[in-house]
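In order, the protein sequence lines correspond to chains A and B. Those letters in the first sequence? Residues 0 to 228, by numbering that gives the first Met the number 0. Those letters in the second sequence? Residues 0 to 601, by numbering that gives the first Met the number 0.
These are calculated hints, taken from the structure and not from any lab test. If a hint is listed, it holds; no wrong ones were tucked in.
In silico DSS-like cross-links for lysine-lysine, where the CA-CA straight-line distance does not exceed 27 Å:
1. K166/B / K162/A
2. K166/B / K105/A
3. K88/A / K142/A
4. K192/B / K149/A
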Amino acid sequence: MIIFQVSTWFFVLSQTWGTLGYPLECKDEQGSSNRCISIPLDKLFDRVIQHVELISRVSEECCSLFEEMLVPFPLQPKTSRGVNICITKAIPVPGSKSEIQQISDKWLLHSVLMLVQTWIEPLTYLQETLNRYDDVPDALLNKTKWVSDKLPSLEQGIVLLIKKMLQEGFLMTELQQTLTHFNKQPEVLESTLRDYTLFNCFKKDAHKIETILKLLKCRRNHKLSCLLY
Amino acid sequence: MATQWIFLWLISSIGCLAADEVITIKGSQKLPHFTTCRSPEQETFSCWWSVGDYTNLTGPGMLRVFYKRSFKNTGGEWNECPDYRVGIENECYFNTTYTSIWVPYNLELRSENKDVLYDERSFNVEDIVIPDPPVNLNWTLLNTSQTGLHYDILLRWEAPPTADVAKGWITLIYEVQYRAVNDTEWKVMEHEKESYLSIYGLKTNTIYEIRIRCLQLNFDKFSRFSDIVYVYNFVPVTKESTFPVAFVLIFIVVGVAIVLMLIIFTRQHRLMMLLLPPVPIPKIKGIDPELLKKGKLDELNSILSNQQTYKTEFTNDDLWVEFIELDIDDPDEKLGHSDTHRLLSLEHLKSGKSLSMKDDDSGRASCYEPEIPEMDSLPFNVNLMEGNPEKACVLNSEGTVPNPDLSSPNATQAKAEPEKAKIESSGSEENMPVRPYPLIQTQMSNQSWANMDFYAQVSDITPAGGVLLSPGQQCKSEKTPEKEKPAEAKKYQFAMTSDSAYTSEIDAKKLSAIPATNENDQNPEKDLSKENCISTENQSEESPYTANETTVITMPPVSDYTSVHMVDSQHSLLLNPTAVQTKDMSMQVGYLTPDQMSSIMP
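Isolated chain A (complex conformation) (with noise of 0.2 Å):
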């Protein structure tokens, strides 16, 4: 009787392990540099959720700002006729919320950690080509500058989140490989379409991780609801 109490004590414990937000132990890898922070998984996530949302907001504003700029421009096309053509294409997050509910933990917080991965060179490259237009509002350039700052800290965020949700190590240098790299030779556009075209992805992936993570999240808190389309 007494075994099984013990027993049932300590599957109960284990099965909560996780959704209750105990905080985890703080283990340093081996020539880990990072500091040993002891967080919450909740408030982890509510913190990685909200820095998400802040530059999902900055994204939009950068956005309207450039449209703005550009208005003696005729050339405004809202999606070049539908083509695809964000950089970040090749990384696959399905769209409905069906589809991404059926899709492991660990397959969608590696596609944010790409994403987010993928942005910090352009949006370096789009804080420079900025300068070269004329009548840039300071807003703008703040704006850009202060997304680009805070990009890499954003990561640092996942990974620690992938550390904590998944139990996974260092596998940064993993995913950098399959990453595409931003190619900065102009194509078929012109530099103020792909300008244009490079914030309206971004805002768009802004957006793609912020829904991802909140998924994330319930997923995390209420299992079975959240499951449940």
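Following the hints, complete the assembly by docking chain B onto the known chain A.
Below, chain B without anything else, positioned relative to chain A:
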């Protein structure tokens, strides 16, 4: 024949080719077009179109919608609308299977045979999200103010049921608007992420209407407004509402008064210095300023005579008396040191009146310190000069004089200082008349200590170079009924001694301050005639002051008093330049060199 067929075939083929091209008809009529495309919850969406003016195309199937979603690199393929809904407006509905977000859609409105393209649209589904309005608005009363005029409510609502906010698929923020029923404008609250909001400061007995709408986070398309909810709080109005106002006002006034009182009492010094700067009053150490006022000289003298500090002065009597008696016996000598006489003499000057000094005073009329060594027979002490106004020489004078100017006695002292120095240097009593600065003490020798005032105002300088002190001293021998008016036109004689290495400003000012008297000629006569009361006398010929006997410098009325600023190395008093006020002539403040003084002198 064959060529004709070939030609026809060519034309037909060309025509067939041409038929594949899109032909957009333009004209004055309104074409069929998409009116709006909307997704309520980011999981489905619909597009509506209208036939425009082409009413013949109203029937089902007359217009067709084709869409294409671009996945990855592939352009995708064109499909027809999965669900044509026939309602008020023509609608094409895409359910969850056909809806993908983050993917560009292209829609086309074509004619039945796909030949004619009427309209096209491209968008991402997340960009066309227009949520449903929030539901289930309700409110609860939080509290009512004490006055009964205002109250607060807590407003609650729910997200639209279609939006899957729980799972985080879509994030909505809400905008609450409210207004009193009579108002025309809605008050817009800040965007709210939660499903509740507190509204403060609503007025009682007023009906309010509240409505809410929502939009997706980081997007810009608002939903429709929710149903209006009415808020009303009835509070009976009582007259007591006016009472607290008066009470509060009284309380505030009392509180402010208390605070001011506290400030005044606790920070007394600073505030008092600001509001009521202290008025300098005459002070002698150990002597009540009251006694310095008019009519109390006897008491003052008695006090002073009784004080220990001054007792030692008596020890110097003999020396002084010796000193002085010699001088007084010699009328010439008297003239020689008439300056000091004048400086220390307190007799007020009228026309022809001269200062009278108490001859029986053995020099104690001048101020001196107990620390003076016996050898130092000078009545003045350097220490005294150095800014110790309380020990200032007090010369007897009538009531008018002892007022809070230490400047004049200091001035007089200062005048005497160089003389003292001279005296010291000379060391010989007989040399007194020879000195350029005659000892004032000589004049005081006949005066008793008790009768001496401690302050003297230099009121004039005689043409002979004598200093006339203003009235205030009780002159035993002579009472001068007249009182010199300090405001009278002053003439004085000023002869800077060439012996002195400098001409102190004191001299200049004192001399200027001396009210001019026209009795310069008479003065020497008076001096000679009087023993006790010594008026300004003509200086001896040896005195440099007498160099210009008859020269009179008419000076405009200047201030009668100067305050001693400091004593320089040569035992001269530097008067505070700011105390001098020259009206007509700007006296040079500071040292006046002999050259300058001579320039001033006519």
